[in-house]
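Residue numbers (the numbering used here), protein chains in the order written: chain A, 1 to 113; chain B, 1 to 114.
Hints may be right or wrong, so weigh each one.
What the hints assert, rightly or not - Straight-line alpha carbon distances no greater than 20 angstroms define the calculated SDA-like cross-link-like pairs of lysine to any residue that follow:
#1 A/K100 - B/T112
#2 B/K9 - A/P40
#3 A/K71 - A/I50
#4 A/K100 - B/G58
#5 A/K100 - B/D38
#6 A/K100 - B/K9
#7 A/K68 - A/P40
#8 A/K100 - B/T55
#9 A/K5 - B/M41
#10 A/K42 - B/T55
#11 A/K100 - B/Q57
#12 A/K42 - B/Q57
As the list claims (entries may be wrong) - From chain A, some residues computed to sit far from chain B (all C-beta separations above 12 angstroms):
#13 Q3
#14 K15
#15 G17
#16 A49
#17 R51
#18 E56
#19 F62
#20 K68
#21 K71
#22 S74
#23 H76
#24 A91
#25 T102
#26 V111
#27 L113
These aren't lab readings, by the way, just hints derived from the structure by calculation. Glycine included, C-beta positions come from ideal geometry on N, C-alpha and C.
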Amino acid sequence: QQQVKQSPQSLIVQKGGISIINCAYENTAFDYFPWYQQFPGKGPALLIAIRPDVSEKKEGRFTISFNKSAKQFSLHIMDSQPGDSATYFCAAGGTGTASKLTFGTGTRLQVTL
Amino acid sequence: NAGVTQTPKFQVLKTGQSMTLQCAQDMNHEYMSWYRQDPGMGLRLIHYSVGAGITDQGEVPNGYNVSRSTTEDFPLRLLSAAPSQTSVYFCASSYLTGGNSPLHFGNGTRLTVT
């Protein structure tokens, strides 16, 4: 049972463009939505996270948009750079029945020159 | 700070062999966990621990054992390796429960079972 669905599986964006990755969740007990970035040969690292009391969170070129009613959230990477080429995972978690972080299947982003 | 340290980085096993993947963290985190990463499957939780002496199963626990005798260490044991356990294994820790605070990952162990 996949509780967090992520799309697309892969994405190619030109340098300077906007990268958009989408995720949808099912468990309404989730109240913590992080994004992780993973470079080849490394473990995932937290990039940015949002809680449902806000609809958007921005950190530099990275923005999370959150739609509670649709149970969807997305990562936008503005002015994408070749150094952003990595695999991105969305995740969802919280407390109680949602106390274990559930990950999406990942999006492999390639930013071309 | 070293963060989360995993050893070995690579391992090849024959079917039926056993081994232990080591994980240590120096951040005094109470929560530790093991994930496996497979293409197209994302990261799936194997086992986790909310403190020394306490462990519990995650999404895919079959074929794996864990123990938590100290806050720092959380080894993962493969009892009788199978080709289906070929994967990249990540250990992760966090200050609070794993579902509600940042996870700090090690750099993984790439395991091949032939």
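For each hint, the structure was consulted:
1. A/K100 - B/T112: With Cα atoms ~27 angstroms apart, A/K100 and B/T112 exceed 20 angstroms; violated.
2. B/K9 - A/P40: holds, 13 angstroms
3. A/K71 - A/I50: Answer holds: A/K71 to A/I50 is near 13 angstroms, not above 20 angstroms.
4. A/K100 - B/G58: The given pair, whose Cα atoms are some 8 angstroms apart, holds under the 20 angstroms limit.
5. A/K100 - B/D38: Holds. A/K100 to B/D38 sits at ~19 angstroms (cutoff 20 angstroms).
6. A/K100 - B/K9: Violated, at roughly 26 angstroms.
7. A/K68 - A/P40: At roughly 32 angstroms apart (the allowed maximum being 20 angstroms), A/P40 and A/K68 break the hint.
8. A/K100 - B/T55: holds, 13 angstroms
9. A/K5 - B/M41: holds, 11 angstroms
10. A/K42 - B/T55: Given that 20 angstroms is the threshold and the Cα spacing comes to 26 angstroms, the pair is violated.
11. A/K100 - B/Q57: holds, 11 angstroms
12. A/K42 - B/Q57: Answer violated: A/K42 to B/Q57 is near 25 angstroms, above 20 angstroms.
13. Q3: Given that some Cβ of chain B is not farther than 12 angstroms from that of A/Q3, nearest at about 10 angstroms, it is violated.
14. K15: holds, 27 angstroms
15. G17: Non-interface label on A/G17 holds, nearest chain B Cβ at 25 angstroms vs cutoff 12 angstroms.
16. A49: Since the minimum Cβ distance to chain B is about 7 angstroms, A/A49 lies within 12 angstroms and the statement is violated.
17. R51: Answer for A/R51: violated, closest chain B Cβ roughly 9 angstroms.
18. E56: Holds, because the least Cβ-Cβ distance between A/E56 and chain B comes to about 20 angstroms, which exceeds 12 angstroms.
19. F62: For A/F62, whose nearest Cβ neighbour in chain B is about 15 angstroms away, the distance exceeds 12 angstroms, so it holds.
20. K68: Consistent with the label, A/K68 stays out of reach of chain B, its closest Cβ about 17 angstroms off (over 12 angstroms).
21. K71: holds, 17 angstroms
22. S74: holds, 17 angstroms
23. H76: holds, 21 angstroms
24. A91: Given a closest Cβ separation of 8 angstroms, the condition is violated.
25. T102: For A/T102, whose nearest Cβ neighbour in chain B is about 8 angstroms away, the distance does not exceed 12 angstroms, so it is violated.
26. V111: holds, 21 angstroms
27. L113: holds, 26 angstroms
Hint violations for this structure: numbers 1, 6, 7, 10, 12, 13, 16, 17, 24 and 25, all remaining hints satisfied.
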